[in-house]
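Enquirer: Once you've looked at the hints, dock chains B, C, D, E and F against the given chain A.
Number of protein chains: 6
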Amino acid sequence: MTNSPLLNSVWDFVFVPQQGALDITTEFGRLKVEPNEICVVQQGMRFSVDAPNRPFFPKPSGLPDPPSPGYEDREVSEYRVISKYQGHLFEAVQGHSPFDVVAWHGNYVPYKYNLKNFMGSCPAFPPTPRYVFLGVEIGDPTHNRDPSIFTVLTCPSAKPGVAIADFVIFPPRWAVQEHTFRPPYYHRNCMSEFMGLICGNYEAKEKGFQPGGASLHSMMTPHGPDAQCFESASTEPLKPVRVADGTQSFMFETCLGLGLTDWGEDTCCKVDASYFKCWQGLKKNFDPNWKPASKE
Amino acid sequence: MTNSPLLNSVWDFVFVPQQGALDITTEFGRLKVEPNEICVVQQGMRFSVDAPNRPFFPKPSGLPDPPSPGYEDREVSEYRVISKYQGHLFEAVQGHSPFDVVAWHGNYVPYKYNLKNFMGSCPAFPPTPRYVFLGVEIGDPTHNRDPSIFTVLTCPSAKPGVAIADFVIFPPRWAVQEHTFRPPYYHRNCMSEFMGLICGNYEAKEKGFQPGGASLHSMMTPHGPDAQCFESASTEPLKPVRVADGTQSFMFETCLGLGLTDWGEDTCCKVDASYFKCWQGLKKNFDPNWKPASKE
Amino acid sequence: MTNSPLLNSVWDFVFVPQQGALDITTEFGRLKVEPNEICVVQQGMRFSVDAPNRPFFPKPSGLPDPPSPGYEDREVSEYRVISKYQGHLFEAVQGHSPFDVVAWHGNYVPYKYNLKNFMGSCPAFPPTPRYVFLGVEIGDPTHNRDPSIFTVLTCPSAKPGVAIADFVIFPPRWAVQEHTFRPPYYHRNCMSEFMGLICGNYEAKEKGFQPGGASLHSMMTPHGPDAQCFESASTEPLKPVRVADGTQSFMFETCLGLGLTDWGEDTCCKVDASYFKCWQGLKKNFDPNWKPASKE
Amino acid sequence: MTNSPLLNSVWDFVFVPQQGALDITTEFGRLKVEPNEICVVQQGMRFSVDAPNRPFFPKPSGLPDPPSPGYEDREVSEYRVISKYQGHLFEAVQGHSPFDVVAWHGNYVPYKYNLKNFMGSCPAFPPTPRYVFLGVEIGDPTHNRDPSIFTVLTCPSAKPGVAIADFVIFPPRWAVQEHTFRPPYYHRNCMSEFMGLICGNYEAKEKGFQPGGASLHSMMTPHGPDAQCFESASTEPLKPVRVADGTQSFMFETCLGLGLTDWGEDTCCKVDASYFKCWQGLKKNFDPNWKPASKE
Amino acid sequence: MTNSPLLNSVWDFVFVPQQGALDITTEFGRLKVEPNEICVVQQGMRFSVDAPNRPFFPKPSGLPDPPSPGYEDREVSEYRVISKYQGHLFEAVQGHSPFDVVAWHGNYVPYKYNLKNFMGSCPAFPPTPRYVFLGVEIGDPTHNRDPSIFTVLTCPSAKPGVAIADFVIFPPRWAVQEHTFRPPYYHRNCMSEFMGLICGNYEAKEKGFQPGGASLHSMMTPHGPDAQCFESASTEPLKPVRVADGTQSFMFETCLGLGLTDWGEDTCCKVDASYFKCWQGLKKNFDPNWKPASKE
Amino acid sequence: MTNSPLLNSVWDFVFVPQQGALDITTEFGRLKVEPNEICVVQQGMRFSVDAPNRPFFPKPSGLPDPPSPGYEDREVSEYRVISKYQGHLFEAVQGHSPFDVVAWHGNYVPYKYNLKNFMGSCPAFPPTPRYVFLGVEIGDPTHNRDPSIFTVLTCPSAKPGVAIADFVIFPPRWAVQEHTFRPPYYHRNCMSEFMGLICGNYEAKEKGFQPGGASLHSMMTPHGPDAQCFESASTEPLKPVRVADGTQSFMFETCLGLGLTDWGEDTCCKVDASYFKCWQGLKKNFDPNWKPASKE
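Heads up: the sequence lines are chains A, B, C, D, E and F, in that order. Residue numbering for the first sequence follows the UniProt record's numbering, beginning at 1 and increasing consecutively. Residue numbering for the second sequence follows the UniProt record's numbering, beginning at 1 and increasing consecutively. Residue numbering for the third sequence follows the UniProt record's numbering, beginning at 1 and increasing consecutively. Residue numbering for the fourth sequence follows the UniProt record's numbering, beginning at 1 and increasing consecutively. Residue numbering for the fifth sequence follows the UniProt record's numbering, beginning at 1 and increasing consecutively. Residue numbering for the sixth sequence follows the UniProt record's numbering, beginning at 1 and increasing consecutively.
Bound conformation, chain A alone:
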C-alpha cells in the first residue's frame, strides 16, 4: 500500500478494468473491482488503486455495491495526497492516513456495479435522434432500436437529450431482427465514441478488436462493421441468434471532442495504424439498373 492517494477535485472517475482486477481503497472503505465490473469514485474523494493482494469478503447484491467497511488509524510521517484540480496536479503532505473514516451515511459514496446484472431499458430521458444513417440499405426497422437502451450511466448536459457522456454496454442478448442488417450499421455520429472490449470477440470486428483494446471514432467520422462482418451479416438467414455470449464491449459516447495525450498517441506504441484497412475489403455493390423484386 502506497502512502499517496489521489483525488479529483472537479469531476468523477469511472473505472472500467479490462484486464485484471483493481483493489481500490477509499475514505469510505475498499472495493475490489474485477473485469466486467465498473467502479465510480466521485469528485473529491481520496482513493488509491492497487493490485489486489488482500482478502475480500464480497457480498454481491445485483445492485450497485458500496465499499466494504474499513478504516486505518495510522500515523505516517509523510503522507502525500495528490489532487487533480483544473487540469493540474497538486500535492499536500499530512501526518496520517486519510482513510481514517470510521462511518458515514448518505448516498455520496463510491460504488461498483457488475455489468452482468444490467438489463437494457429506457434511460431516464429519451434520446434525441443522433445518427446520420448512410451507405447501406437498412431494411425493415421493426426491431432496430437506438443503442441508448444499453446506457448504464449517463452524465446529462444542460441540453435535454444530449449527454456529456453515456456509458453504454453491448451485453449478451438475442438478435431477432428480421428483414434487416443486424450488426451496428454504417454511420456518422454527432457524438464521439470511445469503445473498448473487456472479454470475448466483438461481433462487428471479429479479429481486430481484442480484450484490453479500445477504439476512438471522433464526431462525424464514418464507421461500421468490417468487410468480413458485412459479408456474413448480409447473407446469413435471419433466425433468432444468441449474440455476444461470453463477451462484453463498452462505449463512452460524449458530445465533446476527446483529446489524445502524447502517451496515448505515441509513447505507448499501441496505436493500430492499419485499423482503417478493416473496411478496405468492402466491395462496391451499387448497380444503377437494379430494381427491387416485387413483394407483398
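Simulated from the structure, these hints should not be mistaken for lab results. On a predicted model such as this, the values are computed, not experimentally measured, just so you know. Ideal placement from N, C-alpha and C gives every residue a C-beta, glycine not left out. A few of these clues could be false.
Restraint ranges, calculated between C-beta atoms of paired labels, are given here [what the hints assert, rightly or not]:
#, chain 1, residue 1, chain 2, residue 2, range
1, F, Thr261, A, Lys84, 20 to 28 Å
2, A, Ala103, F, Thr261, 19 to 27 Å
3, C, Lys159, B, Gln86, 12 to 20 Å
4, C, Pro292, E, Trp104, 32 to 40 Å
5, E, His179, C, Lys159, 37 to 45 Å
6, F, Ala227, D, Lys116, 30 to 38 Å
7, A, Lys277, E, Ser77, 16 to 24 Å
8, E, Asn289, F, Pro66, 20 to 28 Å
Expert: Just chains B, C, D, E and F now, with coordinates in the frame of chain A:
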C-alpha cells in the same frame, strides 16, 4: 349516404374497427378504415360513418394516411348536423352538405394508420412505474419490459408520466425472455385497462377472448393469464418463440375510471358473466417448506 | 353604501363595465372603474359595488392602478358579509365594517387598468395553434397574426399553451394586411368565445352588435363576419386603413364550456333570436370551373 | 381479526392516530401505528385496521418504516374484500386471506413514520405566496417563516407551488422571533386548513383545542389566535422560549374545498357550536390618532 | 467541380449569399442558393460550393426546400475531403466521390429558404428583455415591438430566452407607429450584432451601408441611426409608410462575443475606418429648461 | 471626480465594501455604498467609483435602493471610457460626460442593498445536496440547515440547483441547535468558497479573520473551525445563544474554480502563509474502544 353527420365539440374520436371496414366521410375527404387500421377524427370535425360501398383508391404509405381528396357541392333540403357537446347531443339544420371543403392545408386533419407498420419503441416520455406486481415468482427480469414500448398513441395529462389515455397494441414479435414467466404477469394496475382483440387468439386467454370482444379491468382490479396459459407458460422450455403471429390485440389504458352505459352492461346482452372462471382453475402452489435449489 | 359586501372564496372577479362607471369599495380602498377600464378583485377580498356618487381623485399612471387609500372605522349593528363558496352563497353577520384595513403591503391587491394603455404584444407563452380555418380563401398570410397578441390578461391552465381564460381586446389600430381578407376569418375555435362591445361599432358586425351587448360562440361553433362585412372586405382596395377608432370590443376566450343561467337565457329577455340571420345573406361563391389568373 | 379488509382503488390513505394505537395488517405485512406516528397505505393495497392485541417487535429507524414481515396462509369460507372505487363501496368474496404475500420488493409499500424524527426544512418546491395577511401589526418579519417548512408530506397538483394536500406538523421548537407577534397570525388562506391535535396544548387556542379534536377553516375564512393567546403574546418579553414541548398538532392544507359528511356535521354530535366565541374577547385596539414612537 | 468537399464536424453552416448565387453540392443533392435565399448545411455533411454553371429545375414551395435529387457514381484517384474539427482542418483522401448517396429519408437534410416568404411572428420562445434604451426620447411605445418578431432561425442556448445565435431579417413592411421615433432606436445590446445588407438601401444608414457590406456592433457598444436618418425621422409626419421595399437586411445576433480574423480586420482592406463619423453630425438637443406642452 | 469611467461589457459587478464607503456614479445616478451594504452595477453600465466627498440624502427603504437622481451636462475635452470586454480593457475617447442621462424607466438599473434588512429564507430554487460531511460526529441534525437559506443573491447556471455564484451572508441570529456541534462543520465543498468579513469577529476563526480580510477554499479543499472554536463548541452547554451580533461575514460560493492574480498571490504581500496552522491544534479524539452511553 345519410344527411346527418356527427361532430364531437370537446374531444377527439379514435376508431378501432374490430370486425368489418368503415367508410368515414369527413370535411377533409374520405377514409376507408379496415380492421388492423385505426382512425382519428379530431375535435370539431363533421363526419359520417357508413359501410363501405364505394370504390377507394388507397395509396398506403407506412405513415399515418390523410383522407383521400373529395368534396360534395350538394344542396340538401334538411341536412341535420348532430353535435356532441358537454355530454349532450345538439342538432342543427342546414341547407347544404357540410362536406363541401375543396382544399385545406395544415396538420389538423383526420388520419388513419395501419397497425402492422408499428414498431414498438420508446414513447416521447418514459413512463413512471405503474404496476403492482403480485403473486408469482418473476425471476430474472433481464428481458421483461414495461408494456409501454407498445404505445401507439398517447394523450398526456398534465401530470408527467401519466396519460389520460394510451392506445397500446401487442403486435407479432419474438419472445426471448429467459428465467422468467413470459405472458403478462398477474398484476393490479393504477390505470384502467380496456382491451380488445382484432384478429387471432390472445396468448393469455386462448379461448375466452374472441375477435370483436373486449374486456375491462378497472383500476386496481387484479388480473392475469388464465389457468391454462399459466400451466403451459410455467413448464415450456424458454427458447425463442414467435408470439402473436396472425393476431392483433389492443388496449386503451387510462388514469380515469371508465363508466359503463346501460347498453353496454345490460341491453347488448353481450357481457360474459363467467369471465372470472378463467382463473378458477389456478391451483395453490405455495409450500412454506419449499427451498430454492442452489444455483450459480 | 350598503352594509352587505361580497367575496368570492375560490376565484377572482374581473369586471368589465360596458355602460356606466362602477364605484368599487374593497378592504384595500376604493376604485372608480369607468367604461374602457377593467378591474380585478382577487379571491377572498371583501368588496361592494355601487354607482359612483362620491368624489375620486384618480392619478392614472398608464400601469395597473391600485385602489385609492381609504378605510372605515364604523360600527354597524348587522353587517352581512356574503361569501360565494363552491357555487353557493353563505352569509356571516358581524358588528363592524370589513373595510377597516388601514394599510397593507405586498402585491395581493385589487387593481384597475385602462385599456387604452394596452399595446398588443407577445404574451408570456406563445399560443399553440388553436383555430380550424375553413370556408374562404385566406390568401397571403403575411400579415395575419393570431389574435393572441391582443391578450391583456391570461389565466393559464396546467396544459402549456391553453388558457382557462384569456381576456382579449381589439383596440384601435392600423390594418395594413395585403393580398388577404382583413376581418376576422370564418372559423371554429376549440375555445369558447364570449365577446362584448364597450363603445363604437364592431367591424365584423356593423349593425347587430351594440355597446353593452355580448355574444357567445361555444366551442367549435362556426362563425365569422356578417354578409355585409364580407362583401365590403372582399372588394375594398387594401390600402392602410385605421380600424376600430372610437371602439373597444373584448373577448373572454376559455378552454371550458360556458353554461347559461336561466336569467341569461330567458328571464332577461335580451337574447337576440335572429342573430344567425346575419350570415344568411352570404352567397355561395363556389365555381368548380374557376381557375386562378396567372400571377407573378 | 376480521375477514373483511378494505382497499381504496383511486387514492392513498394517510392515517394520523390521535388517541390510541392502530394495528394495521396489509398485504405487505403489519404496522403498529401509535399516536405521533403516521401511516400511509397506498392506492390498491388490501389492509385491515384493528386495536393492537398482538406482540410487535418494532425496530424504529428514524426513517419511514416498512411493515414487519408477515403473511397468512389461511383458507376462509367467505372472505369479503371491500373496495372503495369512484366514491362507492364494492364487495368481492373470496376463499382465502388476501394477506398471503410472502415476499415483495420495490418501494411501493405502506410505511409508518414517527413525527418526532421530523426536521422542518425546505420542501422539494418552494411555496408560492399563499396568505393574505390582515388585521394586526406584523412587525419585523426577520424571523417569521412560511409554515411550509413544517411540511412532512406533500401531494403536488399539476400547478407548480400548489398542493392537492400538504401534511404539516408544528413540532416542539425554539421561538426566537424578535420585534413581532409570535403565534400564527390572523389570516385568510386560499387553501383549506384541517387541523388536529395529537397531544399537549396548542399554543394559539390553549383551552378549546384538545387531543383528538380537530378544526376546519375553509378557504378564505379568517382565523387566528384566540383572545387569551393574543393578549399574552402581545405583552410577553421576546426572549427565546421553548414552544410546543410535549405537544404535536398537525394540519392537512389543501387547495380543494373539503365537504362535510352528515355524520361529521350532525350524527357525531361533536361539533363545537361555540368555537367562534374564542375570538369574541378580542378588543378593538385601533386609535386613528396613534403615532409610532421614534426609533433608530 | 472540384474534388475537395468540406464538412464541419461540430457545428452547422448557414449561408447568406449577398452578391451572386451559390451552387451547393451535398451528399443529399444540389441546392442553388440565390441572394435573398439562405441555406443551412448541418453538422457532418460533405458539401462543396461553386458558382452556378449548371441548369437547375427549382420548384420553390414557399417552405424550406430540400436539395434537388442527384448523386455521382464516380471513381476519383485522389478525392480530398476537408474536415473542420475543433477549430482545425483535417484532410482525408479517398478514391470516390462522397456525393454518391442515392436516396435518404428523415429530416436531417440541408435546405434553403427564400426570405421573401418569411412572415414576422412570435418565435418559439418569447425573448427576455435584452436592450438598454438610452439617449433619446422614446415616446409612446404603443407600436414599437421587439425586433425578435423578425427572427427567422434561432439556435437556443441552455439559458431560456437567450440564443447562441438568432438570424433576423428586416423585410419590406408598413411602418404605422405613431407618437414615436420609428427607426431602430439608439441602444446598447447585451448581444453582439452582425448585420449585413443583401439588396436595396438600409433605412437607418442610407449611404454608408451597401449590399454586400456588413457591420459588427459588439456587446454593449452603443449604436443607432446616423445623423441624417435621425433628422428626417424626427420631423416627418407619422402617416403609414411602406419601408424597406426592394431591400433585405439581415442580422446575426448572438450572446457570444465575435472574434475577428486577421483577414477580416486587415488583409481584406475592406474595413470602413470612418464608420463612426455617421453619428458625428448628431446635435446636442438637450435643454434643461424645456417643458412638455400640456396634453390630454 | 475623474473623467474615466469603467464598464463591464459581459458581466455584472457586485461591490461589497469591507472598509470605508464608496461613492459610485452611474449613468442612472449616484449611490453611496457603506460597509454592510452591497451594490450591483449591471453589464454595460458606465460608472466610476470614488471616495465619498459629496453630501448624500439617502432615504433607505428596507428594499434594494436605486440610485439617487442626478446627471451631468458637461463638455469634457477628453473623456476616456474604459471597457472590459472578453478579458481585455479597451478605451474610447469622447467629448462629454457619459453621466448625462436625465431620466430612465424600467428595472435595468444599479441598486444597493443594506444587508441588515436581509431575512434568511428559501431561495427561488432549493439547493441540491452539495456537501461532503466528514471528520466529526454531527449528532442530531434537527436544527442544522443548509447555509443556502442565507443566500442574498444567486446567479443560476443552466444546471438546476447549481449556481454560477451565490452571495451568502451570516447575519446576527439565535443559535438554538441541540445535541449537535453548532459552528460550521468540517467539510469539503464541490463549490469554491470565497469568504470575507465586513465587521466584528467570525465565530469559527476568532483571531485569524479580521474585517477587510478574506479567505479562499477551492473546490474539495477540506476546512472547518479552528482548534479553539472546536474546543469551546464541543464543551459549552447548548442553550439559546445570540451569535454574530455586531458582525457580518459573507461568502461568494461558485461552481467554478477561482484563479488568483499575481497581485493577489504575491504583489499585495497580504497572503497569510500560516493560515493552515489554525487547525494544527486539533487533537486526535478517536478511540476505537469508545462506546456510546445508552440513551432513551
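Enquirer: Evaluate each hint against the coordinates.
Expert: We went through each hint and held it up to the structure:
no. : hint                               : verdict
1   : Thr261/F with Lys84/A: 20 to 28 Å  : holds, 23 Å
2   : Ala103/A with Thr261/F: 19 to 27 Å : violated, 42 Å
3   : Lys159/C with Gln86/B: 12 to 20 Å  : holds, 19 Å
4   : Pro292/C with Trp104/E: 32 to 40 Å : holds, 34 Å
5   : His179/E with Lys159/C: 37 to 45 Å : holds, 39 Å
6   : Ala227/F with Lys116/D: 30 to 38 Å : holds, 35 Å
7   : Lys277/A with Ser77/E: 16 to 24 Å  : holds, 19 Å
8   : Asn289/E with Pro66/F: 20 to 28 Å  : holds, 26 Å
The structure is inconsistent with hint 2 alone, although it conforms to all the rest.
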